[in-house]
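Q: Chains as they are written, first to last, in this note's numbering: chain C, 1110 to 1420; chain L, 1110 to 1420; chain D, 7 to 255; chain R, 7 to 255.
Read the hints as simulated data drawn from the structure, not as lab findings.
Beta carbons: idealized from backbone N, C-alpha and C, even for Gly.
Any given hint could turn out to be false.
Across the chosen pairs, the derived CB separations fall in these ranges [stated by the list, open to error]:
1) R:E242 x C:D1416: 52 to 58 Å
2) D:P93 x C:I1364: 40 to 46 Å
3) L:R1413 x D:E157: 17 to 23 Å
4) D:P179 x L:A1419: 43 to 49 Å
5) D:P179 x R:G146: 41 to 47 Å
6) R:E39 x C:V1258: 21 to 27 Å
7) R:G69 x C:R1415: 58 to 64 Å
8) R:D83 x D:P93: 26 to 32 Å
9) C:G1209 x L:D1369: 28 to 34 Å
10) C:R1269 x D:P179: 40 to 46 Å
11) R:E156 x L:K1312: 41 to 47 Å
12) R:D83 x L:E1410: 54 to 60 Å
13) L:L1354 x R:G69: 38 to 44 Å
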Amino acid sequence: VTLEQRFQSKVDADERIEPKDWMPDAYRQTLIRQISQHAHSEIVGMLPEGNWITRAPSLRRKAVLIAKVQDEGGHGMYLYSAAETLGISRDELIEQLLAGTAKYSSIFNYPTPTWADVGAIGWLVDGAAIMNQIPICRCSYGPYARAMVRICKEESFHQRQGFEIMMTLARGTAEQKRMAQDALNRWWWPSLMMFGPNDATSKHTAQSMRWKIKRFTNDELRQKFIDITVPQAEYLGLKVPDPDLRWDEQTQHYIHGPIDWKEFEDVLKGNGPCNRERLETRRRAHDEGRWVREAALAYAEKQRARDTQAA
Amino acid sequence: VTLEQRFQSKVDADERIEPKDWMPDAYRQTLIRQISQHAHSEIVGMLPEGNWITRAPSLRRKAVLIAKVQDEGGHGMYLYSAAETLGISRDELIEQLLAGTAKYSSIFNYPTPTWADVGAIGWLVDGAAIMNQIPICRCSYGPYARAMVRICKEESFHQRQGFEIMMTLARGTAEQKRMAQDALNRWWWPSLMMFGPNDATSKHTAQSMRWKIKRFTNDELRQKFIDITVPQAEYLGLKVPDPDLRWDEQTQHYIHGPIDWKEFEDVLKGNGPCNRERLETRRRAHDEGRWVREAALAYAEKQRARDTQAA
Amino acid sequence: AELRFRYATYLGDTSLILAQRLGEWVGHAPALEEDLALANIALDLLGQARYLLSYAGEIEGKGRSEDDLAFLRDPSDFSNLALVEQPNVDFGHTIVRQFLLDAWQLELFEKLQASSEPRFAELAAKALKETRYHYRFSAGWVVRLGDGTEESHNRVQAGLDALWRFTSEMFAPGAADEEAAAAGLGPDPASLRAAWLANVEQVLQTATLKRPADVPFRWFGKRHQHTDHLSHLLAEMQFMQRTYPGAQW
Amino acid sequence: AELRFRYATYLGDTSLILAQRLGEWVGHAPALEEDLALANIALDLLGQARYLLSYAGEIEGKGRSEDDLAFLRDPSDFSNLALVEQPNVDFGHTIVRQFLLDAWQLELFEKLQASSEPRFAELAAKALKETRYHYRFSAGWVVRLGDGTEESHNRVQAGLDALWRFTSEMFAPGAADEEAAAAGLGPDPASLRAAWLANVEQVLQTATLKRPADVPFRWFGKRHQHTDHLSHLLAEMQFMQRTYPGAQW
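Can you build the whole structure from these sequences, using the hints too?
A: Following this line, the structure appears as structure tokens:
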């Protein structure tokens, strides 16, 4: 048996691959790409909601929002750590993000013009993320699977908070209801796009499923999300912005209208409404923080030198 | 007759001294100091009111406020030009301001926490400034006197606008009235201090009066200001924050309570509420504008070189 | 009437939001002369906005004043070009934003003089004169900065690279301007592009600047799709009116 | 009761405004660890503010909630220390502001545990634990930045020079805290100074920083004399509540 065969039979037997185990290079690279994209998404994802921390409409909502954005930062940290077990450093990964060579979830390239967007992101974006992430809790790579268990628990908490914000708006004044509907209009289609291209055009799926990095196809997950979310929108009294949407008795699924894949491509290629701004913001924070990180290093070195001298 | 005597008899005859005329060095230095302080005051004075341009409560008020702050910048320009006729450049003067070695009117070291401050500054600060400046229209130094004629005309326009803002507030809602009274409370005493120390302690007065740079003493001007302003406050239905204030039948003047000269000294020495901020703001604008000024110079030089080549 | 309302607020919001951005500069510009010039442009734009929003309020007939429209609408009600809500960043970005807009207003107001609605025609005639002056200022600075020092060249090029994507909105269909053109109220937005581009390209060439590539960018302020900057700008601008509803100032 | 209201809002406003400033950092800090730490401190301070403002509303007995007090008061009604409304500027200024305030809260909460009012005592016991953690973070960074590189030393010294004048307010009489001390509600502000200064001086020495000279500075936030920064901060913080009065969120 080759190393590769041993590896695949472990995966097939649903055993976990751990950092010290042998693994195919393509498996390693796929994981680094996927975990770091996920980590970057958490970090960039702090910005659209963070935009409302200073303007949250009650002290309770402000506290909950700060805690949520902080959780996202925490998720970024776990995920960078998981990626580091594959032999790449957090600094390298962040360099890739800032250089624009690494991707992050396109959904965070949309703006948050109103408070309702905070609700919509929790409800729809976190909702879609969970749908994507729950299967990864059983991913073949141990550190990633374990990070994901913790993350999913927090995400579903965030999802409920987001839904609760939407419910408060939907039950509120006419202006609040309008705000909620407007947010749903803007976030619905981008949320569906979060599951990635149609299975027919998705290039990574087959290999990733064999490696048990991925367990469902894009379209399967998208369908699951729609089936769960449409009744929630109805419960809120909001209208899903898809004139073609209908319940299909035969398949017991909702059938949705065509997705504008051209928009998906545009945003992916950097021409979404906020791509430039998000990267710019991260770069600025990185650049403006350089002197602080340098100071911490310089101080640590001085301390080491002092300790050595004292010893 | 010495040059000095000829100079003084010209002054005594109310003739104007012009840039090319002989003048005593102390006269020149006094004028440079006074004109540049005045110019700096216009420039720094753009900031407290400028603070409300983005938040002005109506489009009309916004336009009027932009125009007013712009006028102050214009006054700064005339005054720097007047100072330049005495043999010092605008750049040198601005360096002195930014280095903290030149003074500007202490009144601009007070903050503008509410919209009513824009009204109070126009009414009280511009009112006091006019009182100080009208006599300078007859100042012995020609360029300064001529600049002042133009400035005074605009200032009295500003003063009326400020009074009108106060009147609108005083006739407005309870909150607006409270805002107006609060602004009067905060600006009254600093406005009285604008006329400088008591005559008994003022060091420059005598010589400046002989040179006809100054025509009334600090206390005379202050009294005039109070006599005009107290009835205006009464007309507005606002209370001047001086428990000792009373009308004196005998002298036909208002008698005011003691001025807190310790506060005046503190602010003058740099420990007012906004001294650091004002200078910081000017310095930042200057530093951040350096590359622009350098570009303009570089471009002008390239153009000159091109013209020469073409010729 | 509803179309005239939408067209007037589209043009009025665009002038208003840019005036608000320029107002942030007052007292902070690189030199006194530029401070006064930026204030002047802000005043002209504010004047245009007041004319157009007052007119919009009249047409609407619900008693809304210029101030009601400026201070009591939500971000999603504004239809300004997304370009003008972009932050000042530095003098380079500010000048590029101004230049791109001025060059567009030159073409727009030129043609708007022929509007079938006299109020638009009248506004256009006055605004065109103002815009010529603004354009002289902004194009002059684009050239000076572009062909000045290495730093100024890089900064103004960075501004151009950052803002170029917002220019497609000026000429794209899909909002009040398209319908206005059909109704003879104003020019077809697409018809402004050739002259605008020729003009811009010539200035950029003189300035030794590189015209960025066109990218597909489909988020248009005139269709109420704004960047995150607008809500922050409005929170500041509207604070007084929101806090003290109904008060006279 | 009125005194307890004023004392509770003084302490509550101070925590609230600093939490708001720290909230501006979230997503923008020099590294992920600092981002999370600043968010944590903001959350603790916000918790203190909510406790104190809710209590103030109760005492007042006019049915005002924590949100009414936070979002519907004018700047001149706020009595926070002027120190905490100062802008973030950079990480150096932010850390100095935090350090000076943490060192003060350490002394304050320590003594406030003995308040004759159990609600203040209870808050103090909880807040003291939180403050010890904040102080460890801020003092640790003051030392690292002060004794780090030349740039970091200069920046943190600049922060110290800019902010030192706001520290006299912490110990000066003339507001609710003085009366609170007389009534046994809280410590005499002046009594906190010796321990605060000893502590601060020791950290500054370790950090190789120079303690700025004391200057006479008489404008106190706790006496409602605020710098220009507060009204901008509140305009942003209060925008939603001001714009949609009466709505539930």
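Q: Does each hint fit the structure? Answer for all of them.
A: Structure-based check of each hint:
1. R:E242 x C:D1416: 52 to 58 Å: violated (46 Å)
2. D:P93 x C:I1364: 40 to 46 Å: Taking Cβ atoms as reference, P93 (chain D) and I1364 (chain C) lie about 43 Å apart, which means the hint holds.
3. L:R1413 x D:E157: 17 to 23 Å: holds (20 Å)
4. D:P179 x L:A1419: 43 to 49 Å: holds (46 Å)
5. D:P179 x R:G146: 41 to 47 Å: Taking Cβ atoms as reference, P179 (chain D) and G146 (chain R) lie about 58 Å apart, which means the hint is violated.
6. R:E39 x C:V1258: 21 to 27 Å: holds (23 Å)
7. R:G69 x C:R1415: 58 to 64 Å: The hint (58 to 64 Å, Cβ to Cβ) holds, given that G69 (chain R) and R1415 (chain C) are roughly 59 Å apart.
8. R:D83 x D:P93: 26 to 32 Å: Cβ of D83 (chain R) to Cβ of P93 (chain D): about 31 Å, so the range 26 to 32 Å holds.
9. C:G1209 x L:D1369: 28 to 34 Å: violated (59 Å)
10. C:R1269 x D:P179: 40 to 46 Å: Once the Cβ atoms are compared, 42 Å apart, the range 40 to 46 Å for P179 (chain D) and R1269 (chain C) holds.
11. R:E156 x L:K1312: 41 to 47 Å: Holds, at about 43 Å.
12. R:D83 x L:E1410: 54 to 60 Å: holds (56 Å)
13. L:L1354 x R:G69: 38 to 44 Å: Cβ of L1354 (chain L) to Cβ of G69 (chain R): about 40 Å, so the range 38 to 44 Å holds.
In terms of the numbered hints stated before, the structure departs from hints 1, 5 and 9, listed from lowest to highest.
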